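Chemist: As they're listed, the protein sequences go chains A and B.
Each residue of the first sequence is one higher than the one before, starting from 1 at the first, in the numbering used here.
Each residue of the second sequence is one higher than the one before, starting from 1001 at the first, in the numbering used here.
Since the hints were made in silico from the structure, they are not lab data.
Predicted model, so just to flag it, every value in this text is computed and none were measured.
Please note that a few of the clues may not be correct.
What the hints assert, rightly or not - Calculated cross-link-like contacts (lysine to aspartate or glutamate; reagent style EDC-like; alpha-carbon spacing at most 20 angstroms):
no., chain 1, residue 1, chain 2, residue 2
1, A, Lys-197, B, Glu-1145
2, B, Lys-1125, A, Glu-202
3, A, Lys-197, B, Asp-1148
4, B, Lys-1333, A, Glu-200
5, A, Lys-440, A, Glu-451
6, B, Lys-1111, B, Asp-1135
7, A, Lys-199, B, Asp-1123
8, A, Lys-197, B, Asp-1135
9, A, Lys-199, B, Glu-1079
10, B, Lys-1125, A, Glu-451
11, A, Lys-244, B, Asp-1148
12, A, Lys-197, B, Glu-1169
As the list claims (entries may be wrong) - Label pairs and their computed distance ranges (CB to CB):
no., chain 1, residue 1, chain 2, residue 2, range
13, A, Glu-177, B, Val-1387, 14 to 24 angstroms
14, A, Asn-216, B, Gln-1018, 24 to 34 angstroms
15, B, Gly-1179, A, Glu-274, 26 to 36 angstroms
Glycine included, C-beta positions come from ideal geometry on N, C-alpha and C.
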Amino acid sequence: FVAMGDWKTITVPVLSSDSKDIFQYTSEKKISPSSMNSQVLRLPLPSSKSVHSFFSAFCTEENIEQSISYLNRELTTLGFPSIYAESKGKELNLISIINCMNDLLVLQHKNLRAQEEVEMQHLKLGSDMDHLQNCYAKLKEQLELSKREIVGLQERDRQLQSKNRNLHQLLKNEKDEVQKLQNIISSRATQYNHDMKRKEREYNKLKERLHQLVMNKKDKKIAMEVLNYVGRADGKRGAWRTDKTEARNEEEMYKVLLSDYQERQKQLLVENAELKKVLQQMKKEIISLLPPQKQKPKERPEDGTVLSDLEEDIGELNKENMWELSCETVREQLTNSIRKQWRMLKNHVEKLDSQVSRVHSGALNDKDVISREDHELETEKLELEIQQCKEMIKTQQQLLQQQLMSPCDDDTTLLLQDCYLLEERERLQEEWRLFRDQKKNFEKERRSFTEAAIRLGLERKAFEEDRGAWLKQQFLSMSTDYKHCENVTTPSAFLGSSDQNKRLMKSTSQQRKPHCSLSRPVSAEPCQTSQYVTYNSSSAASKKPAGDSKIFQWQASDKEETE
Amino acid sequence: VREASTLQLLQLYTCLDQIQYIEWSSDSLFILCAMYKRGIVQVWSLEQPDWHCKIDEGSAGLVASCWSPDGRHILNTTEFHLRITVWSLCTKSVSYIKYPKACQQGIAFTKDGRYMAVAERRDCKDFISIFVCNDWQLLRHFDTETQDLFGIEWSPNGCVLAVWDTCLEYKILLYSLDGRLLATYRAYEWSLGIKSIAWSPSSQFLAIGSYDEKVRILNHVTWKKIIEFEHPATIANSKTIVYKEVEKSPSVETERLSFSPARALASSLFSTESKYDISQVPVSLQYIKPVADRANPKMGIGMLAFSPDNCFLATKNDNIPNAVWIWDIKKLKLFVVLEQLCAIQSFQWDPRQPRLAVCTGNSKVYLWSPAGCVSVQVPAEGDFPIVSLSWHSSGDSMVLLSKDNFCVCYLEREEI
């Protein structure tokens, strides 16, 4: 139905008297006959049937003419062109009939669509209505709920208020009761006092009566028996009571009181003086704390005048301190001046505080002043650096430890060995030094020994000579029994044995001498000895791993260099 | 009469009847023995044992008797407080003071013995008479604004007389020596008031203990309260040291085994050693609420004493009968609390140094000083319930009294 092309959907009531519109409508339609045909074909059979049946009911073979004229009339009233070929006549204009039918169909479609739309809208409106009704219902419910809540809350509020009122009332009642009880107590107390007084008076009367009776009896029993009277403690005699004594007593009493007051006053004076001193000190310290204000007369003009006042005050009070007056005005002055200065100090401290806070908030306003933030940043940075350095040191220590503890790859072993070798080298240098020293000592000793040996030899020689002489003498002496002859000149010939000995000694000394000669050049030529020593050491060192030999030679050469 | 250092018996005097009260004269030459039932006072001389003196009040009766400060006059209070008779031992003169007040402390002598204050009551009004002790001349006579005067006490400097009212009224009046009213102090109304007072040795402070378990201290310059000390049952301040007496487990001492087993048992039962432990703060003490409908209830501050150096104040709250509270006067704070096993009977400060001796009715005497505290067992066979104690004026020894016995405790001086 919709494939009619561009149709203006005008909801046209089928029997509207507005023919103009219809004419417009009819003039505007664009029909595709093919579609019309298809449309016509598409009409469902039952409807066509119904149409047919309807028309069959409407038009039969008898009333064809009538029905046609009726149709014509209807159509013309509707604004369609007549279906007759001419104005009168009974020939039907087929084209106009078809056109009329088409128009009618179109109209029908339009109406259907309009109806659909209306139904749609109707549905929409219906659903909207439902929706709105639901909303309305919900809102109503909510409203009901909130109303109920309000009512509930109001109820509670009312209850609480009434409770509050009750409590207030109770409190008032309690207070009233307390007041009443207090009144009762006071009235009872007065009543008791009154009764007590009455009873006391009675009692007093009784006592008086008793006293009278007692005194009247003149009891001899009431007496004091004393063996002999005792002297007074202070040795004075008892004096009569006279006016003089009365006056004296009064005087004494006042003296006692006065002395007490004087004591107290002295103490208070001392305290006062101390406190004044403290105040003066405080004042001085406050003045010293305050910044020198004379340098900025522009900024603080009022303080300048105050300062002058201060100076005056200081001068005055210092003077007065010397005089130590304690009159009212001086005291007031002192306290006032201290108060003034304290206020100034307070203001100053407050200003400083505000300055600090300003600097803290506005970071780079004052370049001279390092803001706290920057300072803190700096300190943080420094701390970080310190931390890092510490960590580095730690790691290095750890690495060192590791290296010392665990053996690793060749590089490290070589390194280690290098380290070890350095150590060893140094040790060995030490040992070389020791060795040299010892060697020197040994040489000295050897020399001394050889000298001693030479001496010994000489002495022995001398001794042998003497011995020979002595023997000779003996012999001579023995023989002088027979002959006296001296045989001293040729000791060598005579002292065969001694000569032999001497020779032996000589030979030995000679033998020693070559040693000595050997030794001397040895001592004279330290290089050779060093070589000798190196040889020794190298032989000793040969026990050590072969790899070190090079280094040892290097050491030796070093030694040679040093020497 | 015994020698104080050796307890050697010096004299023995026999009186006519049971002695109720005994007092030395101020120069320690005479002893006054009062027998209230017979109404007789006998005076003995230490120098001359033969000398005797007997004062008979006869039908007037005797309720109290005491020496005057010069040691030569005896003041007897007759029955029903009819009058006070002043008997002179030097002359035969007798003086009477009429209408004395029937209260606990009706007569007060100044420390130097110059003046005597007597509380009187005429026509249901209280008066104070101040006499000069030299010649018994009336110096001042004035009325006091009290309902029913309870007690009077001179300050140690002899210039101020404290007069306080009955416990139904909290009121303390301070009079100068010449009778002027210096100040009145009332802490509160209606509740039970003052129970005990104590002057500090320097006369600077007046401590007032009341039934509301508080001590209020007045200062001598303005006579206004400078501080209030409370005695709560729970001590929470961590700076307070609390010494708690605990019993050591009884050890069987070998020396006691020599006695017969019954005796040994008895002694071991009674002589359980005790020592002090420091309790951790907070400590809660045993609190007793007295029966509400009895008169003179056991509540409030019943005992107050200043130490002789004016540094400490020892108090006892009758609601917490097992504890002694020691306050530091320099700092005006609670310093130490001694918690005992039994109720405190009495305590007294050493007259020379800040050392407090406490007895609780068992056979131990407890000593506290700022250096610490110690519990000393009285070495006696059987029970020795110490009822009261009294220090020697030199502070080297003290007398411990039980019902029938006494013992002297000697304290060694520390060699410096």
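Chemist: Please work out if Lys-1125/B and Glu-202/A have their alpha carbons no farther apart than 20 angstroms.
Modeler: Status holds; Cα separation ~14 angstroms.
Chemist: Straight-line Cα separation of Lys-440/A and Glu-451/A no greater than 20 angstroms?
Modeler: 16 angstroms, holds
Chemist: Is the Cα-Cα distance between Lys-197/A and Glu-1169/B 20 angstroms or less?
Modeler: With a Cα-Cα distance of about 16 angstroms, the restraint between Lys-197/A and Glu-1169/B holds, given a limit of 20 angstroms.
Chemist: For the pair we were handed, Lys-1125/B and Glu-451/A, check the Cα-Cα distance against 20 angstroms.
Modeler: Given pair Lys-1125/B, Glu-451/A is violated - Cα atoms ~135 angstroms apart, limit 20 angstroms.
Chemist: With respect to the beta-carbon atoms only, verify the hint that Glu-177/A and Val-1387/B lie 14 to 24 angstroms apart.
Modeler: Since the Cβ atoms of Glu-177/A and Val-1387/B sit about 47 angstroms apart, the hinted range of 14 to 24 angstroms is violated.
Chemist: Has the given pair, Lys-1111/B with Asp-1135/B, been kept, meaning a C-alpha gap of at most 20 angstroms?
Modeler: Roughly 17 angstroms separates the two Cα atoms, so the pair holds.
Chemist: Given the hint that Lys-197/A pairs with Glu-1145/B, does the C-alpha gap stay at or below 20 angstroms?
Modeler: 15 angstroms, holds
Chemist: Given the hint of 24 to 34 angstroms, is the C-beta distance from Asn-216/A to Gln-1018/B inside that range or not?
Modeler: This hint holds: roughly 30 angstroms between Cβ atoms.
Chemist: Holds or violated: are the alpha carbons of Lys-199/A and Asp-1123/B at most 20 angstroms from each other?
Modeler: Within the cut-off at roughly 11 angstroms; holds.
Chemist: Check whether the Cα positions of Lys-197/A and Asp-1135/B lie no farther apart than 20 angstroms.
Modeler: Given pair Lys-197/A, Asp-1135/B is violated - Cα atoms ~34 angstroms apart, limit 20 angstroms.
Chemist: Are the Cα atoms of Lys-244/A and Asp-1148/B separated by 20 angstroms or less?
Modeler: Violated, at about 36 angstroms.
Chemist: Are the Cα positions of Lys-199/A and Glu-1079/B separated by 20 angstroms at most?
Modeler: 18 angstroms, holds
In this structure, the earlier hints numbered 4, 8, 10, 11, 13 are contradicted, and the remaining ones agree with it.
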